[in-house]
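S.K.: In terms of this note's numbering, the sequence shown opens at residue 1 and continues consecutively.
The set of hints was computed from the structure by calculation and includes no laboratory data. Every residue, glycine too, gets a C-beta built ideally from N, C-alpha and C. Heads up, a few of these hints could be off.
[Claimed, not checked] Pair ranges (Cβ atoms, derived):
#1 Arg75 with Arg211: 27 to 35 angstroms
#2 Asp190 with Pro119: 15 to 23 angstroms
#3 Leu178 with Ala45: 27 to 35 angstroms
#4 Glu105 with Leu48: 43 to 51 angstroms
#5 Asp284 with Gly138: 27 to 35 angstroms
#6 Ala252 with Arg209: 51 to 59 angstroms
[Claimed, not checked] With a Cα cut of at most 16 angstroms, we get these calculated EDC-like pairs of lysine to aspartate or glutamate:
#7 Lys167 with Asp191
#8 Lys167 with Glu105
#9 Lys245 with Glu278
#10 Lys245 with Asp128
#11 Lys245 with Asp191
#12 Lys167 with Glu194
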Amino acid sequence: MNSSQLFDGVAHPRQHTSPAPGRSGSPLRDYVLRSLPAALDDLSAGHLTYHQLADSQAQMLRNITPQCLSEDDERTARLLQLDLLFLLSGYAPAGPQAAPRALAELISAQCGRFPALDPHLSYELLIDVNCEEHRRSGDIRVFSAGRDALLERDFYLGHHLSEPWAKSAAYGLRSLVLPTAAARPAAVLDDVVEYLSYFPSWSRPAIARWRGDSIRGANVSQRLREGRLVLDRAGRARLVRVIDKFVDFRMAHLGVTRHALPEAFRERTGLTRRGIREQGGEHDILDGRDPGTSGFSVRHVLTNAVYRLLALRAYLIHPGSAPANQ
């Protein structure tokens, strides 16, 4: 599938009814592809309780555990981990304590056997592993049923297709703050604009280093304010275009998240570009009133990211107009 095929409804994400030769070896494949979305739909409609769901899954997990613990293939282990974490994520609204104990035990056992596996539903598992399996076999894991399943599928595939371009853009921006910075920053920014449309494990060490460097001042915003990155009027206009691309992406992300996690957005005001620009600063992401992933306030994580971008944009257009610490 390529980007021109997204959101066209041509193929159902669970179009296959049985594994073809060489397809997923996960013993949970059929359940996660077909039964889990239907069960979660029943939960949402009030036709099923979490207790009933846990009971139905507990016996299934007991049955497959010996097979899982005897499998040594790493690709199968990644797919099984994806399936196990899909099951666990289904209990998110009720809390992980609602899930069957056998589920947490099997996830832990798999992490012990394969240390590279993520113990949570990471970007790499949900997007990369999931989409690579779709490309290989036609299978893709989604939580939704019906038309929403197609939209969820394409949300994952869109991320996967855009990732190489985002990677190139990130390295382009990084080159502007290296000791041997690019001699023609405007040309680099032109490329970044063309490339843009929770990174996987290969990028985590680089991101950790770059974040450390950024804290110490090696970031585009700080270099501009210190006068160490000099852009003429055309260069500033190009950087504004780059920022606008990021803002568009962040606002789309915010919109999707509002739809998927309405309980994290009980207060609906202040979520437009103008509202975020006027919020006066970044908000505490550990505010527990509207929690999201891992206890963080998903609302504040997303709006803070937009605020930082809009503050830099304002500084580029009217130097000195944005808060000095943003």
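S.K.: For every hint, state whether the structure bears it out.
M.R.: Going down the list of hints, with the structure as the test:
Restraint check, Arg75 to Arg211: a C-beta distance of roughly 31 angstroms satisfies the suggested window 27 to 35 angstroms. Restraint check, Asp190 to Pro119: a C-beta distance of roughly 41 angstroms breaks the suggested window 15 to 23 angstroms. Restraint check, Leu178 to Ala45: a C-beta distance of roughly 54 angstroms breaks the suggested window 27 to 35 angstroms. The hinted window of 43 to 51 angstroms between Glu105 and Leu48 is violated, with their beta carbons roughly 23 angstroms apart.
Taken as a hint, the range 27 to 35 angstroms is violated for the pair Asp284 and Gly138, whose Cβ atoms sit roughly 44 angstroms apart. Here the CB-CB span from Ala252 to Arg209 is close to 28 angstroms, at odds with the stated 51 to 59 angstroms. Distance hint between Lys167 and Asp191 is fulfilled; the C-alpha atoms sit about 12 angstroms from each other, no more than 16 angstroms. This hinted pair does not check out: Lys167 and Glu105 have alpha carbons roughly 35 angstroms apart, beyond 16 angstroms.
The hinted pair formed by Lys245 and Glu278 fails the criterion: a straight-line CA distance of about 20 angstroms is larger than 16 angstroms. Proximity of Lys245 to Asp128 is assessed by CA-CA distance (about 23 angstroms); at most 16 angstroms being required, the pair is judged violated. Distance restraint check for Lys245 and Asp191: the Cα-Cα separation of roughly 13 angstroms lies within the 16 angstroms cut-off, and the hinted pair is therefore satisfied. Distance restraint check for Lys167 and Glu194: the Cα-Cα separation of roughly 12 angstroms lies within the 16 angstroms cut-off, and the hinted pair is therefore satisfied.
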